[in-house]
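Residue numbers (the working numbering), protein chains in the order written: chain A, 1 to 141; chain B, 142 to 530.
Hints are not guaranteed to be accurate.
For lysine-lysine, the following DSSO-like pairs were computed, each having C-alpha atoms within a straight-line distance of at most 30 Å [claimed, not checked]: (1) Lys-323/B to Lys-80/A; (2) Lys-115/A to Lys-333/B; (3) Lys-84/A to Lys-215/B; (4) Lys-115/A to Lys-55/A; (5) Lys-480/B to Lys-84/A; (6) Lys-357/B to Lys-335/B; (7) Lys-257/B to Lys-80/A; (8) Lys-35/A to Lys-250/B; (9) Lys-115/A to Lys-276/B; (10) Lys-215/B to Lys-333/B; (11) Lys-35/A to Lys-323/B; (12) Lys-517/B to Lys-80/A; (13) Lys-84/A to Lys-274/B; (14) Lys-297/B to Lys-35/A; (15) Lys-333/B to Lys-84/A; (16) Lys-84/A to Lys-278/B; (17) Lys-80/A to Lys-272/B; (18) Lys-335/B to Lys-42/A; (19) Lys-84/A to Lys-465/B; (20) Lys-84/A to Lys-271/B; (21) Lys-335/B to Lys-115/A; (22) Lys-250/B to Lys-80/A; (23) Lys-323/B to Lys-115/A; (24) Lys-292/B to Lys-84/A; (25) Lys-517/B to Lys-84/A; (26) Lys-407/B to Lys-84/A; (27) Lys-4/A to Lys-333/B.
Calculated from the structure, these hints are not laboratory results.
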Amino acid sequence: MYSKILLLRFPPNIVDKAIAVNLVKRFDLSFNILKATIYPRKEGMMVLELTGTKKNYNLGIKYLKNIGVKVESVSHDIRKNDDKCFHCGACTAVCLTGALYIERPQMTVAFNENKCSACELCVLACPANAMEVNFERGILE
Amino acid sequence: MAKSTIKKSIEEINRKIKDGKVIVVTADEMVEIVRKNGPRNAAAEVDVVTTGTFSPMCSSGAFINFGQGKKPIKANQVTVNDVPAYAGLAAVDIFIGAAEPVEDDPLNKVHPGQFKYGGGHVIHDLVSGKKVKIKGKSYTTDCYPSKEIRKQIRLKDLPYAVLVNPRNACQNYNCAVNMTDKTKYTYMGVLKPKAGNINYATSGQLSPLLNDPYYKTIGMGTRIFLGGAQGYIAWDGTQHNPAAKRRSNGVPIEAAGTLMVMGNLKEMDPRWLVGVSMLGYGCSLAVGIGIPIPILDEEIALYTGVSDEEIYTQIIDYGADYPKGDTKSLGEVNYAELKSGSIIFNGQETQTVPISSYSRAREIATILKEWIHSGKFLLGQPQRPITSI
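Modelling step: build the complete structure from the supplied sequences, incorporating the hints.
Written out as C-alpha cells, the structure reads:
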C-alpha cells in the first residue's frame, strides 16, 4: 500500500466538477480530506491523503494532472523556521500526527515533514510564529 | 576528602575568577557531582553553579526615553510600532510592556485570538536593530508647545533603553490540564479537552531559584545573564511568595519566589528576548535568564545538586477550576516525569508538554559558565537579600 499527503489546486473552470470521487471509482484509491477551501476567485484547494497501490496511485495522479489539477506535495508547504523556533515544545500539544515532536534527552523540537497533514494547528499555537504555511499565498498567485 | 567545613566568600570566588582558577559547572552537571561526591566534596571542588531559564515571562518591559524633536513635547499618549506604551512619566519617557497588544488588534473577538504583535515583539525588533515607529501626542504647555511627535528610530539611537522586568524567573509553577470538554487557550498554552495534555513551565533542575530555594546567595545587585547581556537582580518580583509550601529539601512545590530584574537593553541580543503570541491569550516576551549561584558552603552545594526527580509541582485544572479562582491540586508530579513526555494522570497515559525551552535554558547556563571561566563576568555582591522565610 502506498500513501501520500497531497495538495491539489483546482483552477476555476473545474472547481465545480466531481473529481475526487473518480479516484475511488476508477482507480480504487481511498482518500482522507484534511482541508478544503474555495478562494474568492473560485480557485479550489484541497489537502488530502491518498492511499492505494503504487500503480493505481500513479494512474490517479496522472488523471488529476490531465484534467488540469495541479498536484503538489504538502511537505514543501509547511515549514519550521529554525531561526524563529526556540524549542519550547508548545506545538507538540496540538500536532495530531506526531510530525512535531520533542527529541530527548536534548529537549529540542523536531519536525518530520512526511508525517505532517497540513492541518495548520501548529501555525496558530506556536508562540514564536515559527511554523509557516506557503500554499495559500501560492494559490492566489 | 575535605574534613573541615567549607566556607567561601563572593570576594574569594571573584579572586579565583580573576586568577583564572575558578571552577564553574552548570546546574545539570552539578546534579551528578553532588550525587557522586557528596555535597561537602562538591563544595570544595566547585565555586559557581550556573543556571538558566528561557520562557515567556509576561511581566517584562522596557523604560525608554526617545528624545525630543525640534520643538519639545510632553508626550502623554505614545505608541511604538502602534503598540501603546505607558507615558504617564516625564516628557518623553515611556514604559513599553511585553503583554500590550498592538492598537486595533481584534483581541479575542474571534476566539481564539492570534495576538500577532505586541510589546514583546517591539522589544524583540528593537534588539534586532530594526527601526521602530514612535508616535506621541499631547496637550500643550508653556514649556512644551508641541502637540505631536513622530520618529523612526533604532535602539542604538535611543537616548536611553533599560529592560525592567517586574516578575521573572518564577521559582516553580503549576502545570496545567483541562478537565472540560472544550479546548482551552491559556497562558500555559493550548490545552486539549478531557485532560488531553498537561503543560508545564520552568526548566526544573536548571531553573535559577530552584537551585537556591531560600535565596541565600542572591539579592539586589547580583549580576546575571539577562537577554544575552549582563543584567542585575533589582528586587523581589511581584507575587514573590517565599512562604509557599516546600518539601524537606527546601524546594517549593508550588509557585513561590520571583525576581525583578533589569539591564541595559542596548547590550541585549534578539536570540534571548523573543516576542511571543499565546493563542487566545495574548502577547508576551520570552526572556533568557541565567543566575550564577556561588557555592559558599556545603549547604548551597546540596541545594544546587537538586535533580528533576526532587522537584515537584501541582497539576491544576485550567479548564474549570482556575477560571473560578480555585487552584486545588489534582495531583503532584516531578519534573523528571514531566520531561519524559507522558505521565499517568487519572489512570490514563497523558502527554506532557513543555512551554519553556529546556535546550535554550541549558545553552544559557553554558554561556554563563564560559563568561565566568573567561574572567569577563564577576559575581555581584548582593546589597539587599531577596525576602525569605
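Outcome of the hint check:
Among the hinted pairs, Lys-323/B with Lys-80/A is consistent with the structure: their alpha-carbon atoms are about 28 Å apart, no more than 30 Å. Distance restraint check for Lys-115/A and Lys-333/B: the Cα-Cα separation of roughly 21 Å lies within the 30 Å cut-off, and the hinted pair is therefore satisfied. Distance hint between Lys-84/A and Lys-215/B is unfulfilled; the C-alpha atoms sit about 38 Å from each other, more than 30 Å. Distance hint between Lys-115/A and Lys-55/A is fulfilled; the C-alpha atoms sit about 22 Å from each other, no more than 30 Å.
Simply put, Lys-480/B and Lys-84/A have alpha-carbon atoms about 23 Å apart, close enough for the 30 Å limit, and the pair holds. Between Lys-357/B and Lys-335/B, the direct Cα distance comes to roughly 42 Å. Violation of the 30 Å bound is thereby established for this hinted pair. Of the supplied pair hints, the one linking Lys-257/B and Lys-80/A holds, its CA atoms being roughly 17 Å apart against a limit of 30 Å. The hinted pair formed by Lys-35/A and Lys-250/B meets the criterion: a straight-line CA distance of about 24 Å does not exceed 30 Å.
Under the criterion of a C-alpha separation no larger than 30 Å, the hint pairing Lys-115/A with Lys-276/B is inconsistent with the structure, at around 46 Å. Between Lys-215/B and Lys-333/B the CA atoms are separated by roughly 48 Å; this puts the pair beyond 30 Å, and the hint is violated. A C-alpha spacing of about 21 Å is found between Lys-35/A and Lys-323/B, which places the hinted pair at or below 30 Å, so the restraint holds. The suggested pairing of Lys-517/B with Lys-80/A is violated, with an alpha-carbon distance near 36 Å, which exceeds 30 Å.
Of the pairs offered as hints, the one joining Lys-84/A and Lys-274/B holds, with about 23 Å between alpha carbons and a cut-off of 30 Å not exceeded. Using a Cα cut-off of 30 Å, the hinted pair Lys-297/B and Lys-35/A is violated, with the two alpha carbons roughly 46 Å apart. For the hint linking Lys-333/B to Lys-84/A, the alpha-carbon distance of about 25 Å falls within 30 Å, and the restraint holds. For the hint linking Lys-84/A to Lys-278/B, the alpha-carbon distance of about 34 Å lies beyond 30 Å, and the restraint is violated.
A hinted pair counts as satisfied when its Cα atoms are at most 30 Å apart, and Lys-80/A with Lys-272/B qualifies at roughly 26 Å. Simply put, Lys-335/B and Lys-42/A have alpha-carbon atoms about 39 Å apart, too far for the 30 Å limit, and the pair is violated. Of the pairs offered as hints, the one joining Lys-84/A and Lys-465/B is violated, with about 35 Å between alpha carbons and a cut-off of 30 Å exceeded. Our distance criterion of 30 Å between C-alpha atoms is met by Lys-84/A and Lys-271/B, whose separation comes to about 16 Å.
For a cut-off of 30 Å, the pair hint linking Lys-335/B to Lys-115/A stands: about 25 Å separates their Cα positions. For the hint linking Lys-250/B to Lys-80/A, the alpha-carbon distance of about 28 Å falls within 30 Å, and the restraint holds. As the CA atoms of Lys-323/B and Lys-115/A are separated by approximately 26 Å, the hinted pair is consistent with the 30 Å bound. Simply put, Lys-292/B and Lys-84/A have alpha-carbon atoms about 28 Å apart, close enough for the 30 Å limit, and the pair holds.
Between Lys-517/B and Lys-84/A the alpha-carbon distance is near 29 Å, which keeps this suggested pair within the 30 Å criterion. Distance hint between Lys-407/B and Lys-84/A is fulfilled; the C-alpha atoms sit about 21 Å from each other, no more than 30 Å. For the hint pairing Lys-4/A with Lys-333/B, the CA-to-CA distance comes to about 27 Å; that is within 30 Å, so the pair holds.
Going through the hint list in order, the structure does not satisfy hints 3, 6, 9, 10, 12, 14, 16, 18 and 19.
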